[in-house]
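K.L.:
These are the residues of each chain, in order.
2 protein chains.
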Amino acid sequence: MGITKTQIFNVDQNQMATIFKVLANPARIAILEYISKQDACICNDIVDEIGLAQPTISQHLKELKSINLIKGEIDGKKVCYCINLDKWTDIQRILNNFFNTTKSNCC
Amino acid sequence: MGITKTQIFNVDQNQMATIFKVLANPARIAILEYISKQDACICNDIVDEIGLAQPTISQHLKELKSINLIKGEIDGKKVCYCINLDKWTDIQRILNNFFNTTKSNCC
DNA sequence: ATTTATCATCGTAATATTGCAATATATAAA
DNA sequence: TTTATATATTGCAATATTACGATGATAAAT
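For the protein sequence lines, the chains are A and B, in the order given.
Everything in the first sequence is counted per UniProt numbering, starting at 1 for the first residue and increasing by one.
Everything in the second sequence is counted per UniProt numbering, starting at 1 for the first residue and increasing by one.
Keep in mind that the hints are not guaranteed to be accurate.
The list cannot tell twin chains apart, which means a pair is met if one copy fits it or any two copies do.
In silico BS3-like cross-links for lysine-lysine, where the CA-CA straight-line distance does not exceed 30 Å [what the hints assert, rightly or not]:
(1) Lys62 - Lys103
(2) Lys103 - Lys71
(3) Lys78 - Lys103
(4) Lys78 - Lys5
(5) Lys5 - Lys62
(6) Lys37 - Lys5
In short, the hints are calculated from the structure, not lab data.
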């Protein structure tokens, strides 16, 4: 089907899955790494850096924005993307909580 | 296309994406949580617990096994799944490393 | 030996994701 | 105003994912 039965899972489970889904692509990982590596708020040299077409990058940025992992500030005709540190830290906390809580006690 | 251009990304980026992809589904999150909650190595009560058909669960378990996040021990006609703590901890370390390394220094 | 129970695999339908060309939009420069 | 530059959106093709019924394989129970 390709459709996930979100209704049968709780909010936390769906939230976790959504976060993981946004991160589940090497292009988006590379974009995040590239954005963070820059001293200043570097914009879409991302297209040059990553080997993907401009619309593709634009779409990936949109997905990263969908969970507020990055923010884009308009600067003239350019857009300056940077990581949203608050959300970044928040998500790291959520994931660690999941990993610490979900641990086997068998085998 | 639906096909990710893995060739243009490095091993670490692809590995990260693969890990995230395996976790990017609420059913698999729920399965992990359920397995970890049990005192003993509970097997496919998972099917009863989660509201999905047995082949679906089996497929999800296969994906979790694909990165060694869980291991399945055969016990008669049952299979006993549990979390692979070594790998679990390893992945948590990898993710934290990513989150700590990839942080913005702008905006 | 047959039946039953547990789990895996196969095949398939429905939907999602990835990527890009074409196009739209918006701002800056000329 | 026209042109160039930067980014977003649309539409589409190719592939991936999710889910399940049918079927297979295996082991315990009868």
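K.L.:
List in ascending order the numbers of the hints, as given earlier, that are violated by the structure.
P.N.:
Those not satisfied: there are none.
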